[in-house]
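Participant: If you read the protein sequences in the order shown, they are chains A and B. The opening position of the first sequence corresponds to residue 1 in the working numbering, with each subsequent residue numbered one higher. The opening position of the second sequence corresponds to residue 1001 in the working numbering, with each subsequent residue numbered one higher.
Since the hints were made in silico from the structure, they are not lab data. From a predicted model like this one, the values you see are computed outputs, not experimental measurements. Watch out, some of these pointers could steer you wrong.
[Claimed, not checked] Short, incomplete list of chain A residues facing chain B, as computed with Cβ under 8 angstroms:
| no. | residue |
| --- | --- |
| 1 | M1 |
| 2 | A47 |
| 3 | Q89 |
| 4 | F92 |
| 5 | R128 |
| 6 | E132 |
Positions of the beta carbon are idealized from the N, C-alpha and C atoms, including for glycine.
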Amino acid sequence: MPQVTLTVNGSTHTVEVEARTLLVELLREKLRLTGTHVGCDTSQCGACVVHMGGDSIKSCTILAVQCEGADVTTIEGLAAADGTLHPMQEAFREYHALQCGFCTPGMVMSAIDLVNKHPAGLTEQEIREGLEGNLCRCTGYHNIVKAIAAAADVMHGKRSELARAAE
Amino acid sequence: MNVVQPFEGIGASVRRKEDFRFLAGRGQYTDDINRPGQTHAVILRSPHAHAAISGIDVSAAKAMPGVVAVFTGPDMAAENIGGLPCGWQIHNKDGSPMAEPPHPVIAVGKVRHVGDPVAVVIAESKAQARDAAEAIVVDYAPLPAVATTEAALSAGAPLVHDGAPGNLCYDWHIGDKAALDAAFARAAKVVSFETTNNRLVPNAMEPRSAIGEYDTTSGDYTLYTTSQNPHVIRLLMGAFVLHIPESKLRVVAPDVGGGFGSKIYHYAEEAIVTWASAKVKRPIKWTAERTESFMSDAHGRDHVSKAELALDAEGKILGLRVHTLANMGAYLSTFAPCVPTYLYATLLAGVYTTPVIYAEVKAVFTNTVPVDAYRGAGRPEATYLLERLMDVAAREIGMDRVEFRRKNFIPVDAFPYQTPVALQYDSGDYFATLDQALESADWKGFEARRAAAAAKGKLRGIGISTYLEACGIAPSAVVGSLGARAGLYEVGTIRVHPTGSVTVLTGTHSHGQGHETTLAQLVADRLGVPIAQVDVVHGDTAKVPFGMGTYGSRSLAVGGSAMVKAMDKIVAKGKRIAAHLMEASVEDVEFDRGTFRVAGTDKTKTLTDISLAAYVPHNYPIDEIEPGLDETAFYDPKNFTYPGGCHIAEVEIDPETGKVSMVNFTAVDDVGRVINPMIVEGQVQGGVAQGIGQALLEAAVYDASGQLLSGSMMDYTMPRADDLAPVSVATHTTLCTHNPLGVKGCGEVGAIGSPPAVMNAVVDALKGYGVRHIEMPATPAKIWNIIHGGRAMAAE
Chain A
1 MPQVTLTVNG STHTVEVEAR TLLVELLREK LRLTGTHVGC DTSQCGACVV HMGGDSIKSC
61 TILAVQCEGA DVTTIEGLAA ADGTLHPMQE AFREYHALQC GFCTPGMVMS AIDLVNKHPA
121 GLTEQEIREG LEGNLCRCTG YHNIVKAIAA AADVMHGKRS ELARAAE
Chain B
1001 MNVVQPFEGI GASVRRKEDF RFLAGRGQYT DDINRPGQTH AVILRSPHAH AAISGIDVSA
1061 AKAMPGVVAV FTGPDMAAEN IGGLPCGWQI HNKDGSPMAE PPHPVIAVGK VRHVGDPVAV
1121 VIAESKAQAR DAAEAIVVDY APLPAVATTE AALSAGAPLV HDGAPGNLCY DWHIGDKAAL
1181 DAAFARAAKV VSFETTNNRL VPNAMEPRSA IGEYDTTSGD YTLYTTSQNP HVIRLLMGAF
1241 VLHIPESKLR VVAPDVGGGF GSKIYHYAEE AIVTWASAKV KRPIKWTAER TESFMSDAHG
1301 RDHVSKAELA LDAEGKILGL RVHTLANMGA YLSTFAPCVP TYLYATLLAG VYTTPVIYAE
1361 VKAVFTNTVP VDAYRGAGRP EATYLLERLM DVAAREIGMD RVEFRRKNFI PVDAFPYQTP
1421 VALQYDSGDY FATLDQALES ADWKGFEARR AAAAAKGKLR GIGISTYLEA CGIAPSAVVG
1481 SLGARAGLYE VGTIRVHPTG SVTVLTGTHS HGQGHETTLA QLVADRLGVP IAQVDVVHGD
1541 TAKVPFGMGT YGSRSLAVGG SAMVKAMDKI VAKGKRIAAH LMEASVEDVE FDRGTFRVAG
1601 TDKTKTLTDI SLAAYVPHNY PIDEIEPGLD ETAFYDPKNF TYPGGCHIAE VEIDPETGKV
1661 SMVNFTAVDD VGRVINPMIV EGQVQGGVAQ GIGQALLEAA VYDASGQLLS GSMMDYTMPR
1721 ADDLAPVSVA THTTLCTHNP LGVKGCGEVG AIGSPPAVMN AVVDALKGYG VRHIEMPATP
1781 AKIWNIIHGG RAMAAE
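Whole structure, please, built from the sequences with the hints as guidance.
Facilitator: Pasting the structure below:
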């Protein structure tokens, strides 16, 4: 069986996989990092989003063997070692942006990448369009949009258009 | 110690306790659990809507790498395994029981819908099981299928079950037909309306999953499953399917990623992995792929209805006649028969004083996935029919649609209000929610916004729905008399530990609702224990005494009330202990949020003083009072609860594309007393999103041969962030009069009130095109055809 060596949340792992093994299967089944979820099998729902080399990717849509040498961050790797939540995690809690929690890891990982890629801030419409690849069935997205706008403020140290509009 | 922060009690928007683990990726959903020696199951499913099976050859599959076992329907039948039971029996007009054909766990001899289980492969890995499933050879002889609700009763339609002639499950009615006919005879105007309530796929984001485990030493079974009601699954599967006593069967529903009704029911896969785990003597995990969810999770809605409203010359409603065809799918799911009857036709009075109602409901079998309760369950169907009809009628009699509603509202002083269709509403103020919503949505300013949109080439519309629902399900004796085969009480345990922290055991189940926070707030409010010291345990039959689960917006109204009863017992016992410790008479001891006090004195004991005394009973009246401070209560509700309110939708249509955009949505709901406003707002927003999804986007579509065309998230349109607009949520409270918390329930109101508001807005936007009605979902193609294709294509 092929071997793949990759770094996940700062730890390097060498794992034997089948050629058809997906990254999400490697994470969930080989590394027991079950915070990354599978919701649809057709790359529609985004529950499986992780970061690879700083970009958000759908881990159900990439083979494990494509990840040789990759640097992957999952939801488990976001909080500080002392348990302090990432500003995006904190904002999701503050704004009640999660209910059942199943889409949440992928939603948070997508949101962080979205904010990182928009250093000038995001409008509400940009956030909504930026979440096209993530499905949530519980919240109606409204509180997710608010949480991302608030986290963007904290992450960039400045005020977003949405936050200004809300004031 | 025991000084409660005032912001943690009833009415505080406490941030959720459960969020830390979900946000850290440390939730534990069923598929996250792995048991030692675990194997993996893949279900082979029918690709045909209807076919006879003349043979199944599993020999090649059994020889595949990693395969542990392969089982088929006949293997289970040979062991006298029961079929999947139905939990509700409806009686026909003539008093005879409904047709209740068997529902084999794995098909025997015949498959009846695409997705019907045919075999299960158990292997060392899921990939190996999947490979082996492909090697099973099934000899199918395809049969003609009945794919639509309307086709089921037509002459010569293929029969889904030999035991259900004409594909009729039941022919039921409610109301006074003679009185209704008399009302119509004196009507100044009769308005008729026909509509279809589109079929939906619930699509909780977590696919269903189940792990069966058999302990060869003790003979005990454990089932981990994605369920809203683990005790119900234990009862149904243990007693009716696998014949395992409750004492030998533990059902665990850990973190569950959304349900919306679809995870109430007892499903085949739960029975398969539990039964087969004893065969292979190893744990077995099955997890649905999303396409499996589409063809095996119970679907929702799917009604075809005709309604007629009789009006007097002044626009007062004299009577309502309804005929509905309801699709049950290929088999009866657990609660399916009650949805289009007692959760639907009993709601047809809505918020109006309609004096006479007569409804006939025929339920039919088709070669489609079983249909059961989906968020709102029957009540969205009734509300949609009624609130679209109200708009159609208002326009036909030339009356303002708001005034027409107001004219027919149940007056504020008429409660308790007895409807002609069995229910007695306890409280409500429909005028108040209407006025608040009109104000909040700036209804008066709409025509200016319509004109502004028109100047930009857009068609803007506004729509309203004034609704109520019946939830807090349900009084056991009442539902028993209506055909329920279960009681619908709830159970709560309050366990005060020796040093004063509290564990709550609840028979309800949280799969997004936030019970770990809200129920802790009840304890903080009553017993004065900080919520950080209150843990809520649910979802495990080995820990929780009993329970009927979470659905029908019942967790607070029924489960919370059970907790209040249990806390009453804690306080009563605590007073007796406190009286002993303070050398006072019990009658003189008062209790308020954690402190027992001898009335009129400064003598006090804290709850912790009492709990310590109860568990270390040295100075204790041991002959009169048992040690310990741990109380359980069962609560059976006296009535349903009746949330209601007003939803207003504002939409804008791009005539070039036909796309409907949500511009504004206003919800003013009366959900009774609000425990956590933040959570209520979130529940309403989520429910409204599902309602907007039904109105504009979602439809489960079968072709004429019974193939499911919308079988993945690439084909079935789920609402995304940019399909929705902010939802303004407000509440106006009248208290429920018959439960101790005054709560009514908020989980379903969003999905119930919103679809007609949206569709009334869409029709309003298109009023220049002579459109009387548009069927859901209002897709761009439909709207474009109305605008560009003329009226013939519009009239679906």
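Participant: Does each hint hold? Answer for all of them.
Facilitator: For each hint, the structure was consulted:
{"no.": "1", "hint": "M1", "verdict": "violated (12 angstroms)"}
{"no.": "2", "hint": "A47", "verdict": "holds (6 angstroms)"}
{"no.": "3", "hint": "Q89", "verdict": "holds (4 angstroms)"}
{"no.": "4", "hint": "F92", "verdict": "holds (6 angstroms)"}
{"no.": "5", "hint": "R128", "verdict": "holds (4 angstroms)"}
{"no.": "6", "hint": "E132", "verdict": "holds (6 angstroms)"}
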